[in-house]
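Trainee: Just need the whole structure built from these sequences, with the hints factored in.
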Amino acid sequence: AQSVTQPDIHITVSEGASLELRCNYSYGATPYLFWYVQSPGQGLQLLLKYFSGDTLVQGIKGFEAEFKRSQSSFNLRKPSVHWSDAAEYFCALGSNDYKLSFGAGTTVTVRA
Amino acid sequence: KAGVTQTPRYLIKTRGQQVTLSCSPISGHRSVSWYQQTPGQGLQFLFEYFSETQRNKGNFPGRFSGRQFSNSRSEMNVSTLELGDSALYLCASSGGDSWNTEAFFGQGTRLTVV
Chain P
1 AQSVTQPDIH ITVSEGASLE LRCNYSYGAT PYLFWYVQSP GQGLQLLLKY
51 FSGDTLVQGI KGFEAEFKRS QSSFNLRKPS VHWSDAAEYF CALGSNDYKL
101 SFGAGTTVTV RA
Chain G
1 KAGVTQTPRY LIKTRGQQVT LSCSPISGHR SVSWYQQTPG QGLQFLFEYF
51 SETQRNKGNF PGRFSGRQFS NSRSEMNVST LELGDSALYL CASSGGDSWN
101 TEAFFGQGTR LTVV
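Here the protein sequences come in this chain order: P and G. Under the numbering used here, the residues of the first sequence are numbered 1 to 112, in order. Under the numbering used here, the residues of the second sequence are numbered 1 to 114, in order.
In case anyone wonders, no lab produced these hints; they're calculated from the structure. Because the structure is a prediction, the values reported are computed rather than measured. All C-beta atoms in this analysis are idealised placements derived from N, C-alpha and C, irrespective of residue type, glycine included. A hint or two may mislead.
What the hints assert, rightly or not - Looking from chain G toward chain P, a few residues come up when the C-beta cut is under 7 Å (computed):
| hint | residue |
| --- | --- |
| 1 | Gly40 |
| 2 | Gly42 |
| 3 | Phe45 |
| 4 | Arg55 |
| 5 | Glu75 |
| 6 | Ser79 |
| 7 | Phe105 |
Mentor: So this is what it looks like as structure tokens:
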């Protein structure tokens, strides 16, 4: 069975500082990996995805993520955080049975 | 291009009632998935439909059901509502048959059971 773990429930970062959100997965086949962002009361917006190929993927809003098969990780990064990046972030794994398995989410607070 | 539309946005129902939620996918998308989001359990997969066929179902009781119509619009139904069914229900659509296309989410339906 597949699973996704986001070890950090809550992260606080200063505006302008860098951000890294951790994601580990467990899956027996080639993973399809995603990062989504959710603002309060809203749906999920896709930030980026990894299917194959280059292990460093670029997304929207200045985010990037690196896939490391040896560590079963897909960490999300942003070099300089803006106040508007405060939200909840979800890592997800797409499996061959047509479903997304989500991590528990990481809430990001940005302080001025 | 219109996004995924979920109606209604908010619902308040009484225990024991039933409810139907609707999802209109992005034009041309044939896959529709449903997820339940709660503070305690997070995001959990309910079911996925492709061309009117349910291809997978999550670990939910039989009170949760769904269907997809020929125009790809989907509905989910919850019968005999319980307080624990209070949640944000999210619908996602994608254009492909597999994960090489991304899933787009609607804004969700917030269901409150009292």
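Trainee: Each hint: holds or not?
Mentor: The hints, checked one at a time:
no., hint, in the structure
1, Gly40, "10 Å, violated"
2, Gly42, "5 Å, holds"
3, Phe45, "4 Å, holds"
4, Arg55, "5 Å, holds"
5, Glu75, "18 Å, violated"
6, Ser79, "23 Å, violated"
7, Phe105, "4 Å, holds"
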